Amino acid sequence: MKRTVFIYAVLVLLIFGVFLLSLQMGTMTIAPLEVLRTFMGSGTEEHALVLFEFRLPRMVIALLVGTGLAISGAILQSISRNELADPGILGINAGAGLGVVLFIYFVQGSYTALGGTAFFLPIFAFVGALTAAFLIYTLAWKKGVTPIRLLLVGIGINAGFTAILIVFQLRMNPNDFMQATVWLNGDIWGATWHETLATLPWMVLLIPLVMMQAKTLNVMRLGDPSAVSLGIKVERTRRRLLVLAVMLAGASVAVGGAISFLGLVAPHIARRMVGPRHQVMIPTAAMIGALILLFSDMISRNILSPSEIPVGIVVAILGAPYFLYLLMKTP
Amino acid sequence: MVDETSPTAKQQLRSKPMAVIMIMMAGTILLICAIVLSMSLGAANITPGTVWQAIFAYDDLLTEHQIIHEIRLPRVVGAVLVGSFLAVSGALMQGMTRNALAEPSIIGITDGAALALAIMFAFFSSVSYTGFLFAAFIGAGVGTALVFLVGSLAKGGLTPAKLALAGVTIGAFLSAISSGIAIYFDVAQDLSFWFAGGLAGMDWHRLQLILPVVVIGMVIALWLARSITILSLGKDVAQGLGQRTGVVRTMGIIAVMLMTGAAVAVAGTIGFIGLVIPHITRAFVGLDYRYIVPCSAILGSLLLVVADIVARLVNAPYETPVGAITALIGVPFFLYLARREGRGV
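Quick mapping for you: the protein sequence lines, in order, are chains A and B. Under our numbering, think of the first position of the first sequence as 3, with each following residue one higher. Under our numbering, think of the first position of the second sequence as 1122, with each following residue one higher.
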C-alpha cells in the first residue's frame, strides 16, 4: 500500500514537472516567470496566444489520449488474456487509418476551401475505428465470443483493412501520401480547444465506468471457467468491457492519430511496477500513458524545431528502451 | 497466451493422415495448375502448350519462349519460394512462442530490413539493386539478433512471452526510427513501394542469391518440425521429455531469419501469409508440426502464386501490390475458419 502511494506520488509529480517544462519549451521559449505572469493575466498578448491557443490544448490532448490508450490497452490485455493485445487488435488503428485515408483520397479536395480537414478528419477516424470494432465483434459472435476467436477475427479484419489502406495509399499523389503517413504515425499537431472539448467528456464518462469494473477485470484475467464459477456473466461483462475499450481507444485515435505502441506498453510497465490488481494497475497505467505521451510530444516539438516529427515515432523511440530494460530486469 | 492444453487442443494433437495426404496431393495439383496459369496469362497470352515447349525445348529465337524463360518462369518460381518461406516461418514462430498472434515479422526481421532500406534510400540511393538487397538482408539479421539478444539477457531466460514482447518492442523501435528517417528525408513513398511487396522484378539473378537460403532454411525447418511439436506443448513438457529447448529455439529462429530475411529482401513485406497460412493449415491437419511444415509450404506457395496472378491482371497494365491481394483473398477464408466451432484454428 505504501509502495502504491509512493508510485502514485512520483508519477503525479513527474507529470506536473513535464507539464511545466513543456509549457516553456517550443519554437518560442517562454521563461517560467513569464508563463506564470501570462496565467495571472498580465503577460504579453503574444505569449497568451502561444500558451492558450497552441500549447495548452495540445498538452491537454496529449494527457487525454495517453490516458485513453493506456486504459484501453489494459482492458484488452486482460479480457483477451494475451500479452500482445493492444487497441490495434480490435481494428481501431486499421479502421481509423482507413477512414482517414479514404477521407484524404476522396473527400479532402472538396473541403479544404472551407477549412474542413481539421473538423472532418477526426470524425472519419472515429467512425472508421468503430466500424472495424463492430465488424470484428459481430464476425466473432457465435453463441458468444471467446477471447481466442476475437483475436483471430481481429487479425483477419486488421489484415483486410490494412490491405485496402495500402492499395489506396499507393495511388495517392505525394502530398496526400505524406499527410496520410504522418497521421498513421500518430500526430497531435493541429490540436485545438475544439478537439480537446470533444475528447474530454468521453474520458470523464468512460474512465469511472472502467474503474467500477476493476474487480471484475481481476477475475476475467483468470480465464472464463474461473470467472463463471465466481458468478460473473462472462459474455455480457466482456461485451461491456470491450465497448468501453473501443470507445476509449476510438476517441483517442480520432484526435491523436494511430499511436500504436502506447496502448501495448503502458499496461505492461504498470503491471511490472504495481502488480496485476486492476484497482491499482489501471490508474498507474493511465498516468504512465499520459506521462509518456506528454513527454514525447514535448520532444517531438523541440528536437527538430521548427519542423516536427510525428509523436508516435517519439513514443516508440523513448518507450522501447525503457520497456526492454524492464523486460530484462523482471523475471 | 493461447492455452494449447485445453481439451479441444488435446483432440487435435491426434494427427490426421488423410487430411495431410489430401492437402499434399490436392495442394500440389492446384499449385501446378496455378503455375501453368500464371505463366500463360499476362500482357501476351501464351498457350500452356507453348509454355511446356519453352521450358523443355527452349528456342531462344521465339519471343514467346523468351518471355517465359526470362520473365515469367523466374517470377513464378520466386512466388513459390517466397510463399513457402513465409508460411513455414510463420508456422515455426507460432509453434515456438505458443502465441496465435506470432508471425515472422514480430522478431524484428521486417523492421530491421525496413530500417536498413530507409537508410539506403536516404543516404546511399545510388547503390545498385543488389546492394539494396544485401542491405535488407543484413538489416533483417541485425533486427533478429537484437531481439534474440535482449530476450536471452532477460532474467529467467528466453520465455515465449519475453521473446514476443521483446520482438514487438524492438520492432516498434526500429520502425519508428525508419519512419522518422523516411519522413525527414522524404523517402516515405519509395520505401512504401518497396515494402508493398512485389514479385515484378524477379529474375534469375535474384533467385540465385536466395537459393542457398532456401536449402538451408527449409532443411532446418523440416528437421526441427518434430521438436517444435513438443515445444509447442510448453517448455516444461518439452524439458520433461528431455528436449534441449534452448537449442531448438535457437535453430528455429535461425531458420526463420534466413527464410523471412530472404523473402523480405527479394519481395518486400508480403503480409498475411506468415500469420494466417499456419492457422489454416492447423485447422486441416492438427497440431503435429511434421505435417504442418510441409503443408504450410504448399498452401503458402499456392496463395502467393494465385495472388500474383490476380495482382497482375486485376488492374492491367498496372500491378496491384501483391501483399494487399494475399490479404484480400485470404481474409474471408480465414474468417470462415475462425468461426468454425471445435477447430480452434
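Simulated from the structure, these hints should not be mistaken for lab results. Fair warning: this is a prediction, and the values are worked out from it, not measured in the lab. Be aware that a few hints might be false.
As the list claims (entries may be wrong) - Under the rule of at most 35 Å between Cα atoms (straight-line distance), these lysine-lysine pairs were calculated in the DSBU-like manner:
(1) Lys1356/B / Lys331/A
(2) Lys145/A / Lys235/A
(3) Lys145/A / Lys1356/B
Status of the hints after comparison with the structure:
no., hint, result
1, Lys1356/B / Lys331/A, "holds (21 Å)"
2, Lys145/A / Lys235/A, "holds (14 Å)"
3, Lys145/A / Lys1356/B, "holds (34 Å)"
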